[in-house]
Structures are given as structure tokens and as C-alpha cells.
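The whole structure should be built from the sequences, with the hints applied where relevant.
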Amino acid sequence: MRPGLISTGSEWNFDLIEAYERAIAEIAADYRLDTYPNQIEIVSAEQMMDAYSSIGMPVGYSHWSYGKEFVAVEQRYRRGEMGLAYEIVLNSNPCIAYLMEENTMPMQALVIAHASFGHNSFFKGNYLFRTWTTADSIIDYLLFARDYIRDCEQRYGEAAVEEVLDSCHALRNYGVDRCKRPAHLSPLQEQARQRTREAQQQDAVNELWRTLPQRDAGPGHDIGDVFPSEPQENLLYFIEKNAPLLSPWQREIVRIVRKLAQYFYPQRQTQVMNEGWATFWHYTLLNRLYDDGRVDDAFMLEFLSSHTNVVAQPAFDHPRYSGINPYALGFAMMRDIRRICETPTAEDRAWFPDLAGSDWISSLDFAMRNYKDESFIAQYLSPQLMRELRLFAIIDDDRQSAYEVSAIHDDAGYRRLRSALAAQYHLGNREPDIQVWRADRRGDRSLTLRHQQRGRRPLAPASADALKHLARLWGFPVRLETVGPEGRVEAMSEAQPQR
Amino acid sequence: MIVDRRLNGRHRNAVNRERFVRRYKDQIRRAVTDAVGKRSITDLDRGERVDIQRKDIAEPFFHHGPGGEREAVHPGNKEFIAGDRLPKPDGGAGGSGSQAGDGGEGEDDFVFVLSREEFLDFFFEDLALPDLVKKRLATIPSTKSVRAGYTQTGVPTNVNIIRSLKSAAARRRVLQTPRRGELKRAEERLSALEAAGSPATEISDAEAEVTRLRKRLASVPFLDTIDLRYNNRVQRPQPTTQAVMFCILDVSGSMDESRKDIAKRFFALLYLFLSRAYDKIEVVFIRHHTQAAEVTEDEFFSARDTGGTIVSSALTLMEQIIDDRYGGDDWNLYAAQASDGDNWLDDSPRCAGMLRESLLPRLQYYAYVQVGAFDEQGLWREYARLASERPHLAMRKIATAADIYPVFRALFARQPTCAPA
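Chains as they are written, first to last, in numbering that gives the first Met the number 0: chain W, 0 to 498; chain A, 0 to 420.
Mixed in with the good hints there might be a few duds.
Unchecked claim - Straight-line C-alpha distance at most 20 Å; calculated EDC-like pairs for lysine to aspartate or glutamate: (1) Lys214(A) / Asp204(A); (2) Lys240(W) / Asp316(W); (3) Lys214(A) / Glu181(A); (4) Lys77(A) / Asp409(W); (5) Lys77(A) / Glu387(W); (6) Lys77(A) / Glu162(W); (7) Lys259(A) / Glu208(A); (8) Lys24(A) / Asp396(W); (9) Lys87(A) / Glu403(W); (10) Lys214(A) / Glu256(A); (11) Lys396(A) / Glu256(A); (12) Lys183(A) / Glu208(A); (13) Lys77(A) / Glu403(W); (14) Lys467(W) / Asp55(A); (15) Lys24(A) / Glu68(W); (16) Lys258(W) / Glu40(W); (17) Lys259(A) / Glu201(A); (18) Lys87(A) / Asp364(W); (19) Lys258(W) / Asp165(W); (20) Lys123(W) / Glu480(W); (21) Lys165(A) / Glu181(A); (22) Lys396(A) / Asp255(A); (23) Lys24(A) / Glu157(W); (24) Lys240(W) / Asp176(W); (25) Lys467(W) / Glu485(W); (26) Lys87(A) / Glu189(W); (27) Lys183(A) / Glu201(A); (28) Lys259(A) / Asp374(A); (29) Lys263(A) / Glu58(A); (30) Lys258(W) / Glu403(W); (31) Lys24(A) / Asp165(W); (32) Lys467(W) / Asp432(W); (33) Lys87(A) / Asp396(W); (34) Lys77(A) / Asp316(W); (35) Lys24(A) / Glu161(W); (36) Lys467(W) / Glu58(A).
Stated by the list, open to error - With the C-beta cut set under 7 Å, the calculated list includes, among others, these residues of chain A facing chain W: (37) Ile1; (38) Glu68; (39) Asp83; (40) Leu85.
Because the hints were derived from the structure by calculation, they are not lab data.
Only a predicted model underlies this, so the values are computations on that prediction, with no experimental measurement involved.
Glycine residues also receive a C-beta, built at the ideal position from the N, C-alpha and C atoms.
Dropping the structure here:
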């Protein structure tokens, strides 16, 4: 073995993993990567599937949907249709990364660089994660949630708990605050607060519904006393605080699902950035290992082979095409930022006057900290990269008999293309905008939601089922209205709670 | 920090999986029913692949459906320029296929495999032998040992240390407390006498008194036999029932291979059900053509011989076996008979007569399945007449292998329980 080499061959052991972790950490420090401490866990394929089907959470409450997910993953894996992810990494402090025992040494090193340094530093640095999640207490909160739900199952029966969970899961994407920062609590505080909250919430709700009994003409005649005073985007929060018929424990379950949805909310908004950042760093860090003579050619060949698979982007007419690969786009953009900093062209100077020629490490760090997918693409997607990826935008209008190419990678199209791609990653565009509009406190106690239509896009038929789940939680009829492009309000559907 | 997690908890999702299975019982049950018809005898207790329609297990959420206006960016442009119009594919009112979360994954079924245990659970769900507890409780009483407080006698292994030490402490206190007071006073007197320089005889008397009291105190034992307490256990009788199932199979010439196979599968199912659900049940296998013979389980399911058919030979043998081994009121008796309905002409009334006179009064339940043939011959007609007056004679026809399981379920569906007599 050449002096300086950490290892040769594909066999791994714990000492080697530690050696690689140390070597990579040294280089990462060179690049000023700021990370949580690492906790690397070796797991078997089966455990990986377990983690996979419970969205990576190391502890979780029981629900049939995780069982379904597990069965599906297991089937696909058994039939060889799907390889397992090489790693799962958890936004926690210390940052927990799972490594699969089947992987070879170069793969383990790749995963360490990717997850334990790439994702880890992203979790620690990005403003969304800093705002919305608490890496310090997530594991404790998961434990609290699991125990609480198990306790409820014992006290109120599995079926009752499952009903609430089903309904909450259906509304999970509408359980996030987009504007307000949640307060962070330690598990003990959480438990203590849960008890007082139980009593208080019930009181508050009773108070709310005390303003009876004048019955008037029914829904819609509640004008003098509008509730809620502003539309509410967080459906689960609204339910938790205001649903008249829920028992305290049910409110707590709503809260748990809501909290977890909030925890995963940043990940859904930073797919491209997060994966791009992690991929960029495993590429940079491992190349540096090679340049320093710490790994051999065989290592690099294996690493590059899987790296290439990860960042492959088939063209739109390729049979394997399934949309834009976030790894590919993110990696390309991160590399592009470095290129603009180090060797800017005249075009780059015109488009990115502040970026061109600056220190790439701090510029990239700034981008990682302060953007999410949408704003990141809107800010940093360069004309050169659009040309490289040969991007083009297509308008699909159901009133037209043909698709229309609205922009391509040329001078006239760069800006339009860039904002179209950014909009594609805007969660507000991807998910229907549905908010709580009215709760009728005097009449039939119904709840009215409004769907603000964008681009005339209708709701899928399955939304009616989701509405039923909302009715179950609310306990009274729930109506859904759609506001069309001209501001016309149409009644869409109505769901009655089952008694 | 590096942690090796491989050793702890696999199957973290076992409980979730179990809940999933429970939730989709109906679909799974349907798959199980379908499966039985396709299986061979030896193959019955094995896991099974289950298909569930994907839409049945979808979790609903608010999302966009196709339609409206949307713009999407794709890579790999070759010849398009802005303003190009591309005809939509036929019927393609939908999106351009790149929209994430459109939920348009394939419509294929959701497939998974039930384990053997899960499969059998579904298989025999809600099945039971009717009226199992009617007969007198078993003559060999089985008992269960239960805790019943504490006793003062027992064997050393059952000593309850805490209880024993508690009563020892109480006894010591009761016996020692008055002596302690006396001792204290005697000691005070002794020291007073010594201090006053009293005569030697008085001092030695006082000393003797102190010594005597100390001795008495010391003679109270730390632990005495009367302190000992033992954990008490009593034997509580457990009601058990004895049952025997007679399996009667027609192996005559008219039973061709396929009919025999169906009948054997029926019995295989019955046997699997009995051996799984009841540990205390005896099974008697009887094969017959013109003559009947009691055979072992292996022979029953495997051997093949042929001849004419005299059903009453089997009934006679059964009666004989009952008299020999399962007489008295101690046994719950069940019988299941499979035949193609062919019988010697004058034998069928005889069978019905035997059943009516001597067998049915002693039997808890008699199930008859006619295999293969649909026409109602002598035996069926005789039995049918009998069944109308005796409700515990049940009869069904099995035409194809696919009928086996439904018929089996119909025959052994759990009845609304009636109070044991």
C-alpha cells in the first residue's frame, strides 16, 4: 500500500470508517463547512427499509400507512426493482446518518462525505431549517409523540386513534405555518405544557361556542361576527385550536402530526439545494482526498461511477425521463456558482456582477444559508447552465389543442425560463392553495374553505375524500369553495361528518 | 461517533404491517379464498401473495387534478424554438407528465405476501366446531395453579422472605419490649449501687439480675419457625373438553382421481383446522369402498385403492369405534363424510337408518359433502330427508376445487354461541 493511502479494496471496517470520517472532516474544515457533530450508524438492509418507510424517523408512532409503505418497499426491493438508498440522514444534533452494511468502502466514504458533511452542514446552515426545526430536540419530540400516541391507544382504543391519525395525515400538507416561527421546547417542558394545554384548550373552545343561541338564517348570514377574522392557512392548527367536538387527546394528536409536518416542511422546500449541496461537497471532498493521495484510482473509479448515476439527467424524450433530477440540477448549479466565482465570462459579469470573481467558498456558503429552491433558482440559474441543460418551457393549456413552447435557452427566453423553473419548485404552486375562510358559529357550525385557483387548475377528485377527513375532525359540515381566476366564487363540494 | 445498529431491532415495522393487514382484511380474505382453490393438499399451509387494488388503499390528500393551465420546464431541447406548437397526444388532456405529485402512478395492484401464520389466521377466521362444550367435562381434569395468598406451612422453596421477616420482626418486638424496660431499670440500679458503694452482695445480686435479663433478651430468636410464611398456590380445575372427529372418505371406483383430490383437500383443510385450533382433539380416519378400514393420517391422504361402494360399512365401523373407545358421555363426537353419492341401492336407506337410530343421537355434528356429482342420488335424498328433521346433520355439494373453501366455511362457520348445557 502506498504511504498516505487510507485503504485499498472494497472491504470496510469500523476503524476504516473512522479514518475516512477523520480525513474528510479535516478537508471539510479547510472548506469552512460548519456541521453538527456526526453520529454514523451502520444498519442492515432490513433496517434501512424500516427507516425508509417511516420517513427516516428513528422512532415513530405506529400507523398502518407505514406498514403499507414498508410492504411496498420490501416487495420492490425483493424483486430487485429498486436499490435501497445508500444513506438516510436525519436533521438532528448530533446528525445521525445511516450507512448500509452492504456498501463497499468507497461507497461508505461517499455517503459519509455526502450525508455527514454535505447534508449535515446544510441542516445546520440553511435559514429554513434554522427557523422551522430544532435539531436538538427532534428525537425527544419523536419519543414523546410515540409514547403519547401509544398511551392514547391503550386508553381510547387503537381504532379511535387511527381515525384521528388518518384524518390528520390527509391534511398533513396543510399543517404548516408558513409565516410564524414556532417556539422551541425541551421534551420535559413539552410534557408539562401538554397537560396544562389539554385543560386550557377545552376551556377555550367551550368559551368560543358559548355565543349561542340566536339561530338565524343559516350559513353565510354570519356577517356581523366574522370568524376567523383572517383566512387561516394552517388547517391543522385551526382544527387543533377551534374544532368544537374534539377531546383533548385528539387535539394533542392533531398537534403531533402538525409539528412533524412542520419539521419536514423545510426538506420539501429545499430538495434541489439540499441534494445539490450534498452532491457538490461529496464530489469536492472526495476529489480532494484523491488529489492529496489518500485514496487510489480504484476508489475514484467506483466513486465516479455511482456519482455519475446520481447526477444523470436524461433528456425529455428519453424513455427513462421522469422530470428534472434534483441531484443533477442542484449539483450543476452549485458547480456553476463556483465557476462564476473563479472564471467568470463577460456574460456572467453582466448577469451576476456581485458574484463574478468573488471568493467561491463564501459565496456558495451565502447561497446555501439564505435561499430555498424557488429563490435559489430565481437568483442563481445562469444562462450558460440553461444552455448546457438545454432547458425549454412548455405551456399546457387545456383550452388549447397543442402545447406551446414558451421559452427556450436563448436571449429572449432566459428570464422567462428561469422564473418558470423557479415557480415549478414553489410549494405554493405545487399544492392547491386552500385556506379556512369561515366558521359559522351561529348557524349550522359549518366550516367553509376556499381554494384560490391558480391557472384554472382544478382539484383532483380524491380531494373530496380529504375533505371528508376534515369534516371528521371538525365534527360539523365542511364546505369547499373555489375562487376562479376572475374572482368568482363557486361552491365545490361539501362533506358531512359521520356520526 | 460510529454506532453499530445492526444488532438491535429488526422488524420495527412489524406492528405497522400487522395494522395494515388488519385494515385491509376484506381484500385479503378475498385473496385467501381465491388461493385455496388453486393449491394442492401439501401446499395448504404456506404464505400467499395478495393483490389489493391501489385505489382501495390510497391515502387521500388535497392535490391538483389534470386540466387548467400550467407551465413546465424540461431539459434536453433539440429543435424547439419559442412559439412552437406541439400537437397533444390523443386523449392527453392531462399535464405534461413532469408535474411532481400528480399522483398518476401506475394503476397496477398493490402486491404483498402474507406469512404462513397470517394466511392461516385468515383461513380459519371465525370457524369453530359447533357445540363443543355440550358434553360433560373431561374425566381427566386438567388444573391450573393460581396464587392464593400465604400459608404457615409449606415447602422451603415457597418461603416468602418478606412476609416471614415481617412476622419475625413483630414477634421479636412483642417479646422483647417489656424485658428491655426491666433491663434498663436493672442497669440503672446497678450503676446507682456501684456509685453509692453498696455492699458487695447487693451489687452481685443486681449484676445477676442484669445478666439474667440480658440472657432472656438474647434468647428471643431472630427467626422462629412460627414466623415462616409460604406462598400459597391452589390448583383450580380448568374446564377441558374432549372431542373426536371422524373423517370418512369414500375411495370407491366411482370416485375418480379429481373427486378424490377434492375430497382429500376438504379433509386436509379440516385436519389443518382441527390441529391448529384445538390441541385436545382426536381424529379418526376411516376409508371405505365396500369395506371400511381405519387408517393413519398418511394412508388416508395418500393411499389409493378401489372397489364398489357400501357406505354403511364405514358407519358400522364408526359406531364400533365409538363403542370401543369413545363411549359414555365424556366425548364430543363429530363426523365429516365425503362421497360422490354413489352407493349400493339398498344401502342408502340403511345408512340413513343407522344415522337416525344410533349415530345422530350420539353425535354433536355430522357434515356430509357430496363431491363432484351434482345429481342427487339415493344417499343424498335419504340424507336430505333426515337433515330436515335433524338440524345437526349438515350437507353440501362441492363441484370444483374452488368450492371447497366456501363449503368448508359454511359447514364450520362459528354459530352464535348458546349457553353450555
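Evaluation of the provided hints:
1. This hinted pair checks out: Lys214(A) and Asp204(A) have alpha carbons roughly 15 Å apart, not beyond 20 Å.
2. Among the hinted pairs, Lys240(W) with Asp316(W) is inconsistent with the structure: their alpha-carbon atoms are about 49 Å apart, more than 20 Å.
3. About 13 Å separates the Cα atoms of Lys214(A) and Glu181(A), which keeps this hinted pair within 20 Å; it holds.
4. Of the supplied pair hints, the one linking Lys77(A) and Asp409(W) holds, its CA atoms being roughly 13 Å apart against a limit of 20 Å.
5. Straight-line distance between C-alpha atoms of Lys77(A) and Glu387(W) comes to about 12 Å, which keeps the hinted pair within the 20 Å bound.
6. The straight-line distance between the Cα atoms of Lys77(A) and Glu162(W) is roughly 51 Å, outside the 20 Å bound, and the hint therefore fails.
7. For the suggested pair Lys259(A) and Glu208(A), the alpha carbons sit about 101 Å apart, so the restraint of at most 20 Å is broken.
8. At roughly 43 Å between alpha-carbon atoms, Lys24(A) and Asp396(W) are farther apart than 20 Å, so this suggested pair is violated.
9. Restraint check: the Cα-Cα separation between Lys87(A) and Glu403(W) comes to about 10 Å, which is no more than 20 Å; the hinted pair holds.
10. Only pairs whose Cα atoms come within 20 Å are accepted, and Lys214(A) paired with Glu256(A) is rejected, the gap being roughly 96 Å.
11. Between Lys396(A) and Glu256(A) the alpha-carbon distance is near 17 Å, which keeps this suggested pair within the 20 Å criterion.
12. A C-alpha spacing of about 11 Å is found between Lys183(A) and Glu208(A), which places the hinted pair at or below 20 Å, so the restraint holds.
13. A threshold of 20 Å between alpha carbons decides the hint, and for Lys77(A) with Glu403(W) the separation of about 15 Å falls inside it, so the pair holds.
14. Annotation: proposed proximity of Lys467(W) to Asp55(A) holds, straight-line Cα distance about 16 Å (limit 20 Å).
15. Distance check on the hinted pair: Lys24(A) and Glu68(W) sit about 17 Å apart at the alpha-carbon level, within 20 Å; holds.
16. Annotation: proposed proximity of Lys258(W) to Glu40(W) is violated, straight-line Cα distance about 26 Å (limit 20 Å).
17. Pair hint Lys259(A) plus Glu201(A) does not hold up; C-alpha atoms about 112 Å apart against a cutoff of 20 Å.
18. Distance hint between Lys87(A) and Asp364(W) is unfulfilled; the C-alpha atoms sit about 43 Å from each other, more than 20 Å.
19. Of the pairs offered as hints, the one joining Lys258(W) and Asp165(W) holds, with about 16 Å between alpha carbons and a cut-off of 20 Å not exceeded.
20. A distance of roughly 41 Å separates the Cα atoms of Lys123(W) and Glu480(W); the hinted pair therefore is violated under the 20 Å criterion.
21. Annotation: proposed proximity of Lys165(A) to Glu181(A) is violated, straight-line Cα distance about 25 Å (limit 20 Å).
22. With a C-alpha separation of about 16 Å, the suggested pairing of Lys396(A) with Asp255(A) holds against the 20 Å cut-off.
23. Proposed proximity of Lys24(A) and Glu157(W) is supported: the alpha carbons are some 16 Å apart, at most 20 Å.
24. Distance check on the hinted pair: Lys240(W) and Asp176(W) sit about 14 Å apart at the alpha-carbon level, within 20 Å; holds.
25. Between the alpha carbons of Lys467(W) and Glu485(W) the distance comes to roughly 28 Å, so the proposed pair goes past 20 Å and is violated.
26. With a CA separation close to 55 Å, the supplied pair Lys87(A) and Glu189(W) exceeds the 20 Å bound.
27. At most 20 Å may separate the alpha-carbon atoms for a hinted pair to count; Lys183(A) and Glu201(A) meet this at roughly 17 Å.
28. Taken as a hint, the Lys259(A) and Asp374(A) pair is honoured in the structure, with Cα atoms around 17 Å apart against an allowance of 20 Å.
29. With a C-alpha separation of about 43 Å, the suggested pair Lys263(A) and Glu58(A) falls outside the 20 Å cut-off, and the hint is violated.
30. Proximity of Lys258(W) to Glu403(W) is assessed by CA-CA distance (about 42 Å); at most 20 Å being required, the pair is judged violated.
31. Taking the CA atoms of Lys24(A) and Asp165(W), the gap is about 17 Å. The hint holds against a cut of 20 Å.
32. With a CA separation close to 18 Å, the supplied pair Lys467(W) and Asp432(W) stays within the 20 Å bound.
33. Simply put, Lys87(A) and Asp396(W) have alpha-carbon atoms about 10 Å apart, close enough for the 20 Å limit, and the pair holds.
34. Taking the CA atoms of Lys77(A) and Asp316(W), the gap is near 10 Å; set against the 20 Å cutoff, the hint holds.
35. Restraint check for Lys24(A) and Glu161(W): the C-alpha separation of about 16 Å stays at or below 20 Å, so the hint holds.
36. About 12 Å separates the Cα atoms of Lys467(W) and Glu58(A), which keeps this hinted pair within 20 Å; it holds.
37. Using the Cβ-Cβ criterion of 7 Å, the hint placing Ile1(A) at the interface with chain W is satisfied: the shortest such distance is roughly 5 Å.
38. This hint holds: Glu68(A) has a C-beta 4 Å from the nearest C-beta of chain W, less than the 7 Å allowed.
39. Because the beta carbon of Asp83(A) sits about 4 Å from the nearest beta carbon in chain W, less than 7 Å, this interface hint is met.
40. For Leu85(A), the suggested interface contact is upheld, since its CB lies about 5 Å from the closest CB of chain W, less than 7 Å.
In summary, the structure is inconsistent with hints 2, 6, 7, 8, 10, 16, 17, 18, 20, 21, 25, 26, 29, 30 from the numbered list given earlier, while agreeing with the others.
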